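Number of protein chains: 2
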Amino acid sequence: MVLYVIGLGLGDEKDITIKGLEAIKSSDKVYLEFYTSLLGGSTSIDRMKEYYGKDIILADREMVESGCEEMLEESRTMSVSFLVVGDPFGATTHTDLVMRAKERSIPYQVIHNASIMNAIGCCGLQLYTYGQTISMVFFTETSKPDSFYDRIKSNRRDGLHTLVLLDIKVKEQSIANLLRGNKIYEKPRFMTINQCIEQLLEIEELRQENVYSKDTLCVGLARVGQDTQQITSGTMEELVNVDFGAPLHSFVIAGDMHFHEKEFFESFRVNSETKRLPPPESSDNEDN
Amino acid sequence: MVLYVIGLGLGDEKDITIKGLEAIKSSDKVYLEFYTSLLGGSTSIDRMKEYYGKDIILADREMVESGCEEMLEESRTMSVSFLVVGDPFGATTHTDLVMRAKERSIPYQVIHNASIMNAIGCCGLQLYTYGQTISMVFFTETSKPDSFYDRIKSNRRDGLHTLVLLDIKVKEQSIANLLRGNKIYEKPRFMTINQCIEQLLEIEELRQENVYSKDTLCVGLARVGQDTQQITSGTMEELVNVDFGAPLHSFVIAGDMHFHEKEFFESFRVNSETKRLPPPESSDNEDN
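Protein chains in written order, with full-length UniProt numbering: chain A, 1 to 288; chain B, 1 to 288.
There is no bait here: all hints are sound.
Identical copies look the same in the list; a pair holds intra-copy or inter-copy alike.
In silico PhoX-like cross-links for lysine-lysine, where the CA-CA straight-line distance does not exceed 25 Å:
1) Lys275 / Lys102
2) Lys29 / Lys14
3) Lys25 / Lys14
4) Lys214 / Lys262
Keep in mind that the hints were calculated from the coordinates and are not lab data.
Just so you know, these numbers come straight off a predicted model, no measurement behind them.
Please take these sequences and the hints and turn them into a complete structure.
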């Protein structure tokens with residue numbers, strides 16, 4: 001029949017498009033991709049089930065990475081909706097899914113929606129003055145991948161802004177559990193803007209090419225597109241202790257700003273009312 | 001009361017989100033921005049009025065560029081929806097509108113949607129391997145702005161893809177009518193992929209820095225997000241005579257492609273069934 005790949009947007013269950021909702025309602029089976037991102041605020045799966053009037057099957061990491069074989073085959077004989085937070089082409093895994101449907105001549109329809117890649121425009125820095133987007137992964141004692149550093153360097157050389165996508169770990173196994181074959185998963189982890197800034201400064205410290213510094217102007221964004229959205233701008237030093245609250249967090253390193261961009265930037269500037277993180281000794285937020 | 005700035009997405013009247021539709025239904029007045037983009041395929045204003053159950057006031061270029069003063073003031077005492085094709089932050093003018101609402105403490109809410117800046121992912125080239133987006137304007141005898149050339153150069157040096165947004169001229173006045181103060185407007189014009197390629201090659205010919213050539217791999221996209229969406233890939237030479245049909249057109253100059261990107265690219269490759277433009281002598285498409 002048909003495979004609908006449907007973007008849910010960034011907010012809650014009501015950020016789906018009419019076209020997307022109609023596709024769900026006409027589907028025999030509905031899957032929700034559940035590990036490259038997460039739904040906004042108070043949106044629970046139960047609320048989605050109720051609002052969409054359909055049972056929802058969670059497509060976890062194993063299912064998606066193993067290629068959603070079963071779902072693809074089902075799409076030959078029934079209508080199937082595959083729901084994705086943001087836009088369907090925001091993550092490589094979903095692009096691969098569409099490619100496989102195409103190869104096998106399974107009819108598919110993509111229903112677009114907002115993703116962080118365009119909604120980031122809400123901070124006032126114009127989308128066409130961004131360079132390459134980078135991803136920041138959680139550093140460990142033994143692994144501190146710093147390929148982003150060269151990309152930021154290249155963007156800043158050209159005066160461009162850099163969108164930094166922050167790491168999400170959902171349904172990860174510890175190395176011990178992985179080796180033992182135990183299907184025990186760690187608590188989900190979402191990188192905070194504070195952790196991102198710390199890692200950025202750690203790499204600048206190591207590389208010392210003056211690509212950016214604690215005085216570099218940046219914008220921190222949390223829960224973009226949701227009712228509790230927060231946008232706060234300032235230097236890395238100013239933002240490193242700001243409390244941005246619940247996930248997801250996103251981060252922008254500003255390049256050259258035009259007058260209007262600067263005006264917008266200043267309107268979000270950190271001030272005396274901006275909520276700060278509690279001092280480190282009384283906090284265990286950093287490692288959650 | 002409140003100013004809703006609502007993205008309509010890229011397709012038709014059903015690409016609005018539930019949240020957006022609810023905002024319209026709760027509004028006392030509904031404006032539609034009508035000159036930086038256009039609505040998909042068969043979507044007429046009348047169809048929108050009927051589907052949204054509201055009268056729709058067209059906000060033309062004059063209104064938007066003069067700052068939508070009246071609309072902003074109305075938002076103090078009533079609920080107003082301002083509809084925008086794509087996402088509200090796709091165009092500088094709308095970002096300015098939000099900034100002015102913010103400055104005047106007029107409550108506003110932005111409702112995001114897909115824009116070409118993220119929906120372009122449908123061609124299979126990953127969004128995080130794009131460099132800076134460029135705009136291609138209609139050349140005239142006396143004006144051939146080529147600042148895009150350096151941006152493409154920079155993107156290609158870093159192996160990045162380049163999204164090219166093609167010019168739209170809606171409600172333009174001829175110089176003669178402008179000077180005479182005649183409010184007579186030219187027919188809307190939308191740059192085709194073919195015109196874009198011709199202009200690109202014209203500038204390469206002039207600049208001769210080998211940034212790209214007729215053999216450079218590219219993707220042409222028409223009517224992204226609509227039922228009649230067309231994606232065709234090939235060299236500039238292969239694509240320059242492909243008939244992409246009705247607007248809007250978008251164009252991507254490929255950078256280095258990963259294996260999966262290349263596979264996707266080839267699946268859209270121009271072939272013997274691809275529709276070609278009629279030969280120039282029998283065609284007046286180029287200037288429409």
